[in-house]
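Work the whole structure out from these sequences, hints included.
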Amino acid sequence: MKIILNGKEREIEKGTTVAQLLEAMGLKERPVAVEVNKRIVRKQEHAQFELKDGDRVEVVTFVQGG
Amino acid sequence: MEDKPLVIAGRAFRSRLFVGTGKYKSFETMREALLASGAEVVTVAIRRVDLSSREQGSFASFIPPNMTILPNTAGCYTAEDAIRTAYLARELGLGDMIKLEVIGDQKTLFPDTEGLLEAAKVLVNDGFIVLPYTNDDPVVAKKLEDVGCAAVMPLAAPIGSGLGIRNRHNIAIIVEQAKVPVIVDAGVGTASDAAIAMELGCDGVLMNTAIAEAKDPVMMAKAMKLAVEAGRLAYLAGRIPPKFYASASSPLVGMIQ
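Chains A and B, in that order, are what the protein sequence lines are.
Under my numbering, the first residue of the first sequence is numbered 1, with each subsequent residue one higher.
Under my numbering, the first residue of the second sequence is numbered 1001, with each subsequent residue one higher.
Think of the hints as simulated: they come from the structure by calculation, not from any bench.
Quick reminder that beta carbons are idealized off the backbone N, C-alpha and C, glycines included.
If we take Cβ atoms under 8 Å as the criterion, some of the chain A residues that face chain B in the derived model are:
(1) Asn-6
(2) Leu-27
(3) Pro-31
(4) Glu-35
(5) Glu-58
(6) Val-60
(7) Gln-64
Residues from chain B that keep clear of chain A, each with C-beta distances beyond 10 Å, as calculated:
(8) Val-1139
(9) Arg-1166
(10) Val-1180
(11) Ser-1192
(12) Leu-1226
(13) Pro-1242
(14) Lys-1243
(15) Val-1253
Written out as structure tokens, the structure is:
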């Protein structure tokens, strides 16, 4: 199935959880925050939260800024 | 000559200089400049993880430990986006302090004060310590204080412009009426600008470009540290009133005839 990850289409296995997605992206140990369809998925829910076809996922972190 | 610490929503800071982390040529230079500035609070932005980069995570490791990270909502043009960004910052584990920006115009980056007030209300009610980047408008500053912002952060001049304090009188009025800390945010160009902000009675100064884009950012960071301290001391010391005519410093009696 397809999700939109940070604005780009990405093919993932059905039933993939947020935690699995982050691991596949190499972000397991990184400070990130996740939104699915504009709603925050809390860190403690990452392992249970299954993504659905067409979900819009945002994965953000902190960067240089003023 | 011990100054009181700057207290924002119960948190005490010894340094009155807040610095941004943007626009540095390298993370190494940024780190050196942050250390030279003596700042205890550094700002960061919230952005999508760059999925094409393998160097993720290095930025955070260049922020000296013990520094308080203050996330901003830079780049947000609506209250909704700013609120969303604040929640993401909190989820990132960056705490409850947020530098709230709601931008109203791309060219000047002046705040949309209507959106700013709207977002401030929502975030204050949700337990955030809101530090709003605002115009040098005393009425808006008062409204932001009234909705519960923990400080007000009027601009000196447009972000990154280096024009210095464009309207000292408005900044002075904001300082006079505010019961929360006033931190000049944006527009500082050089050390004297920071000193003037402090001489006007501001509680702190937040800057980024003036340090990051100086020819020698580390030296400028030190200069800003000294300027903020000097301006603060001058404010506390109480300056003489300006006069039109001379007032001799040497005795008028005992002159040779």
